[in-house]
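Could you build all of it, start to finish, from the sequences and the hints given here?
Read top to bottom, the protein sequences are chains G and S. With our numbering, letter number 43 in the first sequence gets 43, and the count goes up by one each step, no holes. Converting from the second sequence to our numbering requires adding 1000 to each position, the first position being numbered 1.
The hints are simulated quantities; they were obtained by calculation from the structure and are not laboratory data. For glycine and all other residues, C-beta sits at the position ideal for the given N, C-alpha and C. Be aware that a few hints might be false.
To be verified - With a Cα cut of at most 20 Å, we get these calculated DMTMM-like pairs of lysine to aspartate or glutamate:
id, chain 1, residue 1, chain 2, residue 2
1, S, K1068, S, E1055
2, S, K1114, S, D1164
3, G, K3, S, D1195
4, S, K1110, G, E86
5, G, K3, S, E1189
Said to hold, decoys possible - So the derived list for chain G, only partly shown, Cβ under 10 Å to chain S, looks like this:
id, residue
6, F8
7, R10
8, A78
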Amino acid sequence: MVKAVTSFGRSGLSDWLVQRVSGVIMLAFALVMVCKLGFGGELTYESWKAFFDGICMQVLTTATLLSLVAHGWIGMWAISTDYFTERLMGTKGTVIRLAFQAVCAVVLFTYLIWGLRILWS
Amino acid sequence: MLQVSLYRYNPETDQEPYMQDVEVDTGGKDLMVLDVLELLKAQDPSLGYRRSCREGVCGSDGMNINGKNGLACIMPLSEALKGGNKLILRPLPGLPVIRDLVVDMSLFYKQYEKVKPYLINDTPAPAIERLQSPEDRAKLDGLYECILCACCSTSCPSFWWNPDRFIGPAGLLQAYRFLADSRDTAQRERLANLDDPFSVFRCHGIQNCVNVCPKGLNPTRAIGHIRNMLLTNAT
Ligand code: SF4
Chain G
1 MVKAVTSFGR SGLSDWLVQR VSGVIMLAFA LVMVCKLGFG GELTYESWKA
51 FFDGICMQVL TTATLLSLVA HGWIGMWAIS TDYFTERLMG TKGTVIRLAF
101 QAVCAVVLFT YLIWGLRILW S
Chain S
1001 MLQVSLYRYN PETDQEPYMQ DVEVDTGGKD LMVLDVLELL KAQDPSLGYR
1051 RSCREGVCGS DGMNINGKNG LACIMPLSEA LKGGNKLILR PLPGLPVIRD
1101 LVVDMSLFYK QYEKVKPYLI NDTPAPAIER LQSPEDRAKL DGLYECILCA
1151 CCSTSCPSFW WNPDRFIGPA GLLQAYRFLA DSRDTAQRER LANLDDPFSV
1201 FRCHGIQNCV NVCPKGLNPT RAIGHIRNML LTNAT
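The following block contains the structure:
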């Protein structure tokens, strides 16, 4: 058993499952958006706002935002632990990896709060 | 004359590795790559490589042949060259080179050791042997044949980046070989030891392992089975 405290759910299986499920949710959101933009009629501010005010769209968009954060973290974490390691870079590998992870965490957290604010205010 | 480009490195005399161009007379025959190496060794006895059985059973002469990992002893020149006329031989990628085509396999064996590649059974031993039905025995086909040549693990990018944490295709194929064995009673502990973000889940399904295995085995499928077992156990 390899220890990993910065991974999303600490367990490889849960990260793997979350990544799949979040991928499906984002795909569903993308399909809805493609349909809306392609076949949803004329786009005005009012129709766009009404569309996102519907409870279904609010639930789906919130789920997508959460999925984006989880999916993004798991993916970026995997990249950071592949390429920014002590094996490849010496001791500065750990510093670069933690810095990279911190930047990713800040960006993803900002996306989440920003998105929720737009959606729910 | 066959053109050969050889990876050479002797840590006692060379600052760094280099590619050496040599020519060898194969007599126009479609030799195995190992035969070419033997001819080269006769020309230059300082050339280092591993070999033993020369028939694809011992797994000693895994190397990178024209960009693809394989066993030199069962790789015909015609297949290695694919119409070209230059044979390019390098050591297995991703492992430290000891000399020329000889790599240090310690990390590879360490990962193998981690999966406890032996039967664990805590029930009293029967008088003669532990029996297994033909159906249960058949589940081990495609798993037990691995010769630990390391061609698969050293062709896997995930293993290149994390050879100390990702068990790699060869080790995971063996992990599944014991998970699938009806006589083993340590399934739960075996699975618990694999459920971290590195040991199994660094596999991203690239399938280089399947592409290179000289025994035609499919480590990716075994990894999928392990994942399903973990999923069944934990949901
Ligand atoms: S699975 Fe195939 S390539 Fe990998 S070590 Fe075993 S025999 Fe070699």
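Q. Can you name, in rising order, the numbers of the hints this structure does not satisfy?
A. No numbers; nothing is violated.
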